[in-house]
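Residue numbers (this note's numbering), protein chains in the order written: chain A, 1 to 302; chain B, 1 to 282.
One or more hints might be untrue.
Just so you have them, the derived chain A footprint on chain B, three or more residues with Cβ under 8 Å [said to hold, decoys possible]:
(1) 14-23
(2) 106-119
(3) 128-134
(4) 212-219
Beyond 12 Å from chain A on every Cβ pair, some chain B residues (computed) [said to hold, decoys possible]:
(5) Val69
(6) Leu70
(7) Leu202
With the Cβ distance kept under 8 Å, some of the chain A side facing chain B (calculated, not the full set) [unchecked claim]:
(8) Gln14
(9) Ile33
(10) Ser114
(11) Ile115
(12) Ile117
(13) Ala277
Rather than coming from a laboratory, the hints here were simulated on the basis of the structure.
Heads up, the beta-carbon is just placed ideally off N, CA and C, and yes, glycines get one too.
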Amino acid sequence: MARAKARVGGAFRQGRIALILLLPSLVVVFGIIVYPLLRTLYTSLFAVNSAFPGRYPFVGLGNYLQALERAEFWGAILRTAYFTFSTTFLEVVLGILLGLLLNVEFRGRWLLRSIVILPWALPTVVNGAMWRWILNPEYGALNALLTQLHIIPDYRSWLGTPWMALNMVVVADVWKMTPLAAFFVLAALQTIPRDLYEAAWVDGAGRLRAFFSITLPLLTPTILIILVLRTMEAFKVFDIIYVMTRGGPANGTQTIAYYTYVEAFSNQLFGYGAALAYIIALFILFFAVIYMRLLRRGEVEY
Amino acid sequence: MRSSLAFRVFVYSAAVFTGAVILAPFAWLVISSVAAPADLLVRPLKWIPAHASLSRYAQIFFGTGNDTVLTFRAAMVNSTIVAASSVIISLGVGIFGAYAFARLRFRFQRAILLLFLSTYMLPPIALLISLYLTMVQLRLLDTRLGLILVYCSFITPFVLWIMSGYFRSIPRDLEDAARIDGCSRMGALFRVILPLARPGLLATALFGFLLAWDEFLYALIFTSSLSSKTIPVAIAEFTGRHAVDFGMMATGGVLASLPPLAIAFLFQRYIVGGLASGAVKG
Numbered sequence: 001m002a003r004a005k006a007r008v009g010g011a012f013r014q015g016r017i018a019l020i021l022l023l024p025s026l027v028v029v030f031g032i033i034v035y036p037l038l039r040t041l042y043t044s045l046f047a048v049n050s051a052f053p054g055r056y057p058f059v060g061l062g063n064y065l066q067a068l069e070r071a072e073f074w075g076a077i078l079r080t081a082y083f084t085f086s087t088t089f090l091e092v093v094l095g096i097l098l099g100l101l102l103n104v105e106f107r108g109r110w111l112l113r114s115i116v117i118l119p120w121a122l123p124t125v126v127n128g129a130m131w132r133w134i135l136n137p138e139y140g141a142l143n144a145l146l147t148q149l150h151i152i153p154d155y156r157s158w159l160g161t162p163w164m165a166l167n168m169v170v171v172a173d174v175w176k177m178t179p180l181a182a183f184f185v186l187a188a189l190q191t192i193p194r195d196l197y198e199a200a201w202v203d204g205a206g207r208l209r210a211f212f213s214i215t216l217p218l219l220t221p222t223i224l225i226i227l228v229l230r231t232m233e234a235f236k237v238f239d240i241i242y243v244m245t246r247g248g249p250a251n252g253t254q255t256i257a258y259y260t261y262v263e264a265f266s267n268q269l270f271g272y273g274a275a276l277a278y279i280i281a282l283f284i285l286f287f288a289v290i291y292m293r294l295l296r297r298g299e300v301e302y
Numbered sequence: 001m002r003s004s005l006a007f008r009v010f011v012y013s014a015a016v017f018t019g020a021v022i023l024a025p026f027a028w029l030v031i032s033s034v035a036a037p038a039d040l041l042v043r044p045l046k047w048i049p050a051h052a053s054l055s056r057y058a059q060i061f062f063g064t065g066n067d068t069v070l071t072f073r074a075a076m077v078n079s080t081i082v083a084a085s086s087v088i089i090s091l092g093v094g095i096f097g098a099y100a101f102a103r104l105r106f107r108f109q110r111a112i113l114l115l116f117l118s119t120y121m122l123p124p125i126a127l128l129i130s131l132y133l134t135m136v137q138l139r140l141l142d143t144r145l146g147l148i149l150v151y152c153s154f155i156t157p158f159v160l161w162i163m164s165g166y167f168r169s170i171p172r173d174l175e176d177a178a179r180i181d182g183c184s185r186m187g188a189l190f191r192v193i194l195p196l197a198r199p200g201l202l203a204t205a206l207f208g209f210l211l212a213w214d215e216f217l218y219a220l221i222f223t224s225s226l227s228s229k230t231i232p233v234a235i236a237e238f239t240g241r242h243a244v245d246f247g248m249m250a251t252g253g254v255l256a257s258l259p260p261l262a263i264a265f266l267f268q269r270y271i272v273g274g275l276a277s278g279a280v281k282g
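For reference, chain A alone in the conformation it holds in the complex (with noise of 0.2 Å):
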């Protein structure tokens, strides 16, 4: 009786102590991220051009409609798109055999799995660092590498070019990020029963067979959110541009989050700078529909 009393009141009651524990959580996030959020949407319907407070001309969506008349965005979006559709192609694709290998049994598989991390716990800025150190053109490692072993004749300026640049930047992320990749993948294989195997293997179909008719069937909704996950944080790239480039050579590494730094912190135009942040809010946005669509569909029964 008593238990069943206290049932019937719970709910209000448990509302109420909810929101007591939530409200610190709710403090510390929203508390930080609402006011700026709203902030930067106001601001990007000023001309702000300086750090200080005062009185702008507003511009309604004039710095939105000034980024798309603007050749120096669109180049950004298009290095951003490529940037992030060869990484995440990269790194799925070397993820998903790098998580098959890590899968069979074999002895040493504990070491390589433990190798495998390194790359992933590696700071982001020192990954970039080491890439610019192992590139740099007088002294870089892959130069000794490639002439010793007489594949170049000679020293080159990997990072100087914009398109060769552009490259090896999505060549250090896609060393850095693959791993992740690999493990999301190891995960969902590890989840797939060995019975579907050897009834395959019973019926004579070979490893490829088995691969392509259950393995990657089975393994589609984990690569389907690597893709949307990598997408995302792919279109937000920074610290490792900042790092390998700085943008350059002739803005040639220029993605649309620094292109967004540049223009609001380096020239000072606060106001452009907040549009173009929504401008990648809004893509990041769409990904992230998708991907909410793709966890509900994600459930998969064996």
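Knowing the structure of chain A, use the given hints to seat chain B on it.
Chain B in isolation, oriented as in the chain A frame:
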């Protein structure tokens, strides 16, 4: 299925190749950090340096006067303080919220959790500009406190997410038994649930530490002097100079990587497993 010899050879060569590709770049960073300056600038490059020593490490830990050395040392201290404080505050705040999500029933429960998680999708650059303008006004620019506050805002949702899942995995009966014995709800949380959730707390704390240690964009904009500059900012600045001391850069890089690498290797099962399953389950 029995593995053919050809398949085994293939697997082992793939494993060796992968291991080499992953280890080589970092190994070169480590070698560069101990090699004598002249060894790094010769052509053809020698892979094993003729003169190696730990002198740069000694300099960073004990040296005085040198600008670079002081920056690195201060940055390591700042990074440690900022990351540790952010994790402690986020855990302190988030544990209660996580408990509410795991054990209580209230209106908009799922929506509120999703709202917290959706903050991950916000690009930091969308907050950066106004946070910067606000920090200028509040005089929090170039302070550790300013950085800590911002870091808590993205570590706390992570704590809520992981810990609420962890609390749910602890049987309710244990808590009920404690409450029948006269424990209050909070008493049961502290005496029964938290001790049982220690592995989860540890994994969450470590991962939060990695997030804060690695963060670069906010730190780049908000810090400028030795009083708050973190290690990623110090390294990024260092690589941007015209006459870079490559050996010193490598040493700083290795030192900055040691805490995350140690955490990752020691707790790989928790971190990688938790990460993968959490992201897939949502």
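Hints, one by one, checked against the model:
1. Using a Cβ-Cβ cut-off of 8 Å, 7 residues of the stretch 14-23 of chain B lie near chain A, which meets the minimum of three, so the contact claim holds.
2. For the stretch 106-119 of chain B, the proposed coverage by chain A is satisfied: 7 residues have a C-beta within less than 8 Å of a C-beta in that chain, meeting the threshold of three.
3. For the stretch 128-134 of chain B, the proposed coverage by chain A is satisfied: 7 residues have a C-beta within less than 8 Å of a C-beta in that chain, meeting the threshold of three.
4. By the rule of at least three residues with a Cβ nearer than 8 Å to a Cβ of chain A, the coverage given for the stretch 212-219 of chain B holds, with 4 such residues.
5. At roughly 17 Å, the least C-beta separation between Val69/B and chain A is larger than 12 Å, which holds for a residue marked as non-interface.
6. Residue placement check: Leu70/B keeps its beta carbon more than 12 Å from all beta carbons of chain A (closest about 19 Å).
7. No beta-carbon of chain A comes within 12 Å of the beta-carbon of Leu202/B; the shortest separation is about 16 Å.
8. The interface hint given for Gln14/A holds, since its Cβ lies 5 Å from the closest Cβ of chain B, which is under the 8 Å cut-off.
9. Below 8 Å, beta-carbon pairs count as interface contacts, and Ile33/A has one with chain B at about 6 Å; its hint therefore holds.
10. Because the smallest distance between the Cβ of Ser114/A and any Cβ of chain B comes to about 6 Å, under 8 Å, the interface hint for this residue holds.
11. Proximity of Ile115/A to chain B holds as hinted, the smallest CB-CB distance being about 5 Å (cut-off 8 Å).
12. Interface hint status for Ile117/A: upheld, as the beta-carbon distance to the closest one in chain B is roughly 5 Å, under 8 Å.
13. Taking 8 Å as the C-beta contact cut-off toward chain B, the hint placing Ala277/A at the interface holds, the least distance being around 4 Å.
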